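J.: Per mature numbering (1 follows the signal peptide of the UniProt record, and there is no 0): the sequence shown = residues -17 to -1, 1 to 265.
Please keep in mind that the hints were generated in silico from the structure rather than gathered at the bench. Every value quoted in this text rests on a predicted model; they were computed, and no experiment measured them. Note that the Cβ used here is the ideal one computed from N, Cα and C, for glycine as well. It is possible that part of the hints are untrue.
Stated by the list, open to error - With a straight-line cut-off of 25 Å between C-alpha atoms, the simulated SDA-like cross-links for lysine to any residue are:
id	residue 1	residue 2
1	K189	C128
2	K137	N213
3	K137	W216
4	K37	V59
Unchecked claim - Just the calculated beta-carbon pair ranges, DEER-fashion:
id	residue 1	residue 2	range
5	T50	D218	18 to 24 Å
6	E88	A215	31 to 37 Å
7	E88	E159	26 to 32 Å
8	L158	R13	32 to 38 Å
9	S165	Q125	20 to 26 Å
10	E56	K147	39 to 45 Å
11	G30	Y86	39 to 45 Å
12	V144	Q39	40 to 46 Å
13	E127	K147	21 to 27 Å
14	V144	N34	18 to 24 Å
15	I42	N213	50 to 56 Å
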Amino acid sequence: MLTTAFILSVTCQVVLGQDHGHAVERGLFRLDMETNSADDRYNGCAGNMSNLVKTQYLIKELNGSPTFKKTWEDGVLYHTRPEDNLTTNHSVAIYVYTSDSVYVEFNENVRIGKEKYKDRTYTWYSLQFLLTEAIQILKKTQKECKKTYRGTDKMFEKNVVDSKVRFGRFASSSLEIAIAKSYGNVSCFEINTCHGADVTKFSKVKKEKEVLIPPYEKFKVTAIKKKGQNGAWCDTVYVLESSGITSDLNCAVASVESQIHHRCQSLLLTGLYIFIHFSSLY
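Assemble the whole structure, with the sequences as input and the hints as a guide.
T.: Structure follows, in structure tokens:
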């Protein structure tokens, strides 16, 4: 039995490879590429992931979180009727995200969830996929880049002009400065986003005129405006220009290869369990 387990282990490693990458520690309020982000964009595997969400993840994750389940049930009752090629689940997901009940916990998990996402111990696969797919579907008709604003009450490092950065989470921004400032005026962002989508129509709080930016969109910090300077509508304003996409975990769960790898690991663990069980009998 041990030999069988060893063969399974070697086979999985040879066919699929092993990821020996390590997480990069970040400062509390740094502006960087958020390398620990669960930044899957499902390019090439959206159909597979949609099936996993429908048949496995959504039910499991709703049952695993009373708050998520209650907010989802509210969304089923009160969501905006889907349009623009969105499904009911897409509209419900946007309602859930903009209701604030799970926003903080969910986004923190997205920001630091890279390893759990790969290990299949992540608990937000369903909401993350549905939000990501909703943004991508809306972008098919919202083709132009958008200038948006984001306000915070936190202080970020300032020596970042010309740096490449990501939010690494779903970043809420607004089409109006006044709305952004209501969330904080210490460090604010002027953002030219080319991958974020206007979700106002489906938001629980439509007056916020929200544009939702996905974790994988990358920006260049082109300027920093400080209080007293022309155009500084907060203490510090970071000007971000979209510079493409970085998705380290693209299809990490839903690709054919990743699913084979997961099955190999499951078989290996089963083999080891059986070996240990029978060894204890002798």
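J.: So if I understand the rule, the pair passes when the alpha-carbon distance is 25 Å or less; does K137 with N213 pass?
T.: At roughly 21 Å apart (the allowed maximum being 25 Å), N213 and K137 satisfy the hint.
J.: Confirm or reject the claim that I42 and N213 have a C-beta distance inside 50 to 56 Å.
T.: holds (53 Å)
J.: Regarding E88 and A215, is the given constraint of 31 to 37 Å on their beta-carbon distance met?
T.: holds (33 Å)
J.: Measure nothing beyond the straight line between the CA atoms of K37 and V59; if it is 25 Å or shorter, mark the hint as holding.
T.: Given that 25 Å is the threshold and the Cα spacing comes to 15 Å, the pair holds.
J.: Could you say whether the range 18 to 24 Å given as a hint is met by the Cβ separation of T50 and D218?
T.: violated (34 Å)
J.: Regarding the pair K137 and W216, is the alpha-carbon distance no greater than 25 Å?
T.: holds (15 Å)
J.: Given a hinted range of 26 to 32 Å, is it respected by the beta-carbon distance of E88 and E159?
T.: With Cβ atoms ~27 Å apart, the hint holds.
J.: Range hint 21 to 27 Å: satisfied by the CB atoms of E127 and K147?
T.: holds (23 Å)
J.: Lying within 39 to 45 Å: is that true of the beta-carbon distance E56 to K147?
T.: Cβ of E56 to Cβ of K147: about 40 Å, so the range 39 to 45 Å holds.
J.: Is the hinted pair K189 and C128 satisfied, with a Cα-Cα distance of at most 25 Å?
T.: Distance of about 20 Å is within 25 Å: holds.
J.: Determine whether the Cβ-Cβ distance between G30 and Y86 falls within the hinted range of 39 to 45 Å.
T.: violated (28 Å)
J.: Quick check on a hinted range of 18 to 24 Å for V144 and N34, using CB atoms only.
T.: Between V144 and N34, where Cβ atoms are some 44 Å apart, the hint is violated.
Of the numbered hints stated above, those contradicted by the structure are hints 5, 8, 11, 14, listed in ascending order.
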